[in-house]
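Spelled out, the chains give:
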Amino acid sequence: MPISEQGYSHWQGTFVERRWPWWPITRLGIRLAFKRKFFKFIFSVALGPAMLFSAGVYVSERLEDFQSMLRGPSRFLEVNPAYFKSYFTNEPMLFMMVIVLVLAGAGLICDDLKYNSLQLYFSRPLRKRDYFFGKMFTLFFFLFLMTLIPGLLFVLLKIIFAGSFKFLAEYPWLPLSVIAFSILITLFFAFYTLLISSLSKNRRYVSILLFLVYVFSDMFFGIFYGIFHNPYFSLLSIRGNILQVGAFFFRVKAPFSVPWIYSFLVLAAFCVVSGLVLKKKIRGVEVIK
Amino acid sequence: MNIELRDIRFNYGKITALDGVDLALGEGACGLLGPNGAGKSTLLRILLGFLRPARGEGRVLGYDIQKEQFSIRRFVGYMPEDECLIPGMDAVTFTSYFGEMSGMPRQEAMKRAHDVLFYVGLGEARYRLLETYSAGMKQRLKLAQALVHDPKLLFLDEPTSNLDPQGRNEILDLIKDISSKKDIQVLISSHILTDIEYTCSFVVILNKGRVAAQGDINALKEIQFSLYEVKTKGENEGFLKTLKDKGCRLEETEDRMMKIYLPANLPRHEIFRAAAEENVQIRYFVKSRTSLEDLFAKTVGVD
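The listed protein sequences correspond, in order, to chains A and B. Residue numbering for the first sequence follows the numbering used here, starting at 1 and increasing by one per position. Residue numbering for the second sequence follows the numbering used here, starting at 1 and increasing by one per position.
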């Protein structure tokens, strides 16, 4: 009998209790992002800095071999905490992160609001926190591939190319800094994206907003700093705050004479406020209108 | 009983949305009716465990509505009124995804998604992007995602909204098939009374947060009142006033035909007595079948 004539049949299986109920949401988010060819291209470009810095680690161990190709001081090829800091906080890298967030994260909540999918999610045995974790870990996946994984890879490559643990003995705290700072900026950008994604039902507006808030925060800092010459205006800038906190985590000189903790508190406060707004915006009870 | 509620009260601030709601629903299809603001949505929210009643207790499929909401949602299928989809997905992935969200193992959810999509008539279109679906197809898709985990109880919110007559009939036939042959109890919230009459044998009518009527539709129509269609000759004014005074509800149709809703305690010969008193000839007198519309109008007090 063809399947179309079989009609409805009962399912004989048993339900499973998932340890991570958010995992299907994360998997779907990743899958939907990679379905778009443009995203694949952009994401591969976004991994460019990681490739470049990996090559830098190699070159730093083979300076003599590359002497003829190098012009100027070779100090920038010294793999030290400043090298890591410049990887994590360089402008093209942060910009690429924002572009990836625009492409992979703008629709995460906004599309669910637009197409009423929340009703389908919350009419199932799913907690609100599992929904958020699912969406957040989608962003974690992409951001960790740009931060945590390359950061740890640099450490590993340095050890392999040097053939000794001297680097690790010199900076034993560096892997922890890489992990902590990766988690911090990933967490911040994940909250940043989810917050803005929940503010509109239009993915285009969300994309523009994600981009503009990042760019304008830096622009406002530049304008105010230019007028008042007060470094505390760096607290207005997303990038400025990341630079400040990054300088602390990698024990290098901060770019602005503002205590790093202020920048850290600004980023943390943003995450808390985002969490509260998201909690208010996404309500299971709205499932039935 | 699949749904049992006792003395449920719920307030939104100072506004009482439900007050003293008692329900007992067993097998089969049940229609949930009521004008806007009657408390239908609040009742569905309470049944799915989204709202905690201020008073009363209840069980859905044997699970406590205040403590075991997750178990309820696992065994209940919900088809929302609004258009629901996830852009960029096809029907198979979409349906299996929500099967997984309900707790089905991934592979079984995928297999089941195919079966359910064939059942609702989307078999051929199951690999198409959801954005390209017509309104009727989206409606079927919503039904498929509600059925994928083989629920014991199905909540359908306006299942035929935005459908053309043919699409509407097809969805209604599916609902009838599910409720009559598949051991799945269906609770349909709808404004379209003919849909309820076609698919359900049981009805709950809510009005101003209270259960105005509940029971077997045919029995309710008999109990609540009798309807007669009457044509008369002569001056009707006094005749109509007398009937109104006796508690009848009257409706005049275009061809001078009158519909007289007789209260349960009033015998039909009172119509003839009133006609005799007012010197009106009765030229046509037929006991009419009451429709659900008549019952609804009578119960909630609207024309």
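The set of hints was computed from the structure by calculation and includes no laboratory data. Don't take each hint at face value.
[Unchecked claim] Taking lysine-lysine and the DSSO-like style, the derived pairs with C-alpha atoms no more than 30 angstroms apart in a straight line are:
(1) LYS281/A with LYS138/B
(2) LYS128/A with LYS67/B
(3) LYS246/B with LYS208/B
(4) LYS14/B with LYS280/A
(5) LYS67/B with LYS280/A
(6) LYS128/A with LYS181/B
(7) LYS279/A with LYS166/A
(8) LYS14/B with LYS246/B
(9) LYS287/B with LYS37/A
(10) LYS37/A with LYS201/A
(11) LYS128/A with LYS152/B
(12) LYS208/B with LYS281/A
(13) LYS233/B with LYS287/B
(14) LYS35/A with LYS138/B
(15) LYS138/B with LYS201/A
(16) LYS279/A with LYS67/B
(17) LYS279/A with LYS114/A
(18) LYS279/A with LYS14/B
(19) LYS128/A with LYS280/A
(20) LYS287/B with LYS114/A
(21) LYS201/A with LYS40/A
(22) LYS233/B with LYS259/B
(23) LYS114/A with LYS138/B
(24) LYS231/B with LYS241/B
(25) LYS287/B with LYS128/A
(26) LYS208/B with LYS231/B
(27) LYS128/A with LYS138/B
(28) LYS14/B with LYS281/A
(29) LYS138/B with LYS67/B
(30) LYS35/A with LYS114/A
(31) LYS280/A with LYS182/B
(32) LYS67/B with LYS281/A
(33) LYS208/B with LYS259/B
(34) LYS233/B with LYS208/B
(35) LYS246/B with LYS181/B
(36) LYS37/A with LYS111/B
(37) LYS287/B with LYS35/A
[As the list claims (entries may be wrong)] Covered by chain A, according to a simulated footprint, are these stretches of chain B (three or more residues, beta-carbon under 8 angstroms):
(38) 6 to 15
(39) 83 to 90
Where is the CB? At the ideal position from N, CA and C, for every residue including glycine.
Could you work out which of the previously given hints the structure breaks and list their numbers from low to high? Violated hints (numbers, rising): 6, 7, 8, 9, 20, 25, 26, 29, 31, 34, 35, 37 and 38; every other hint is consistent with the structure.
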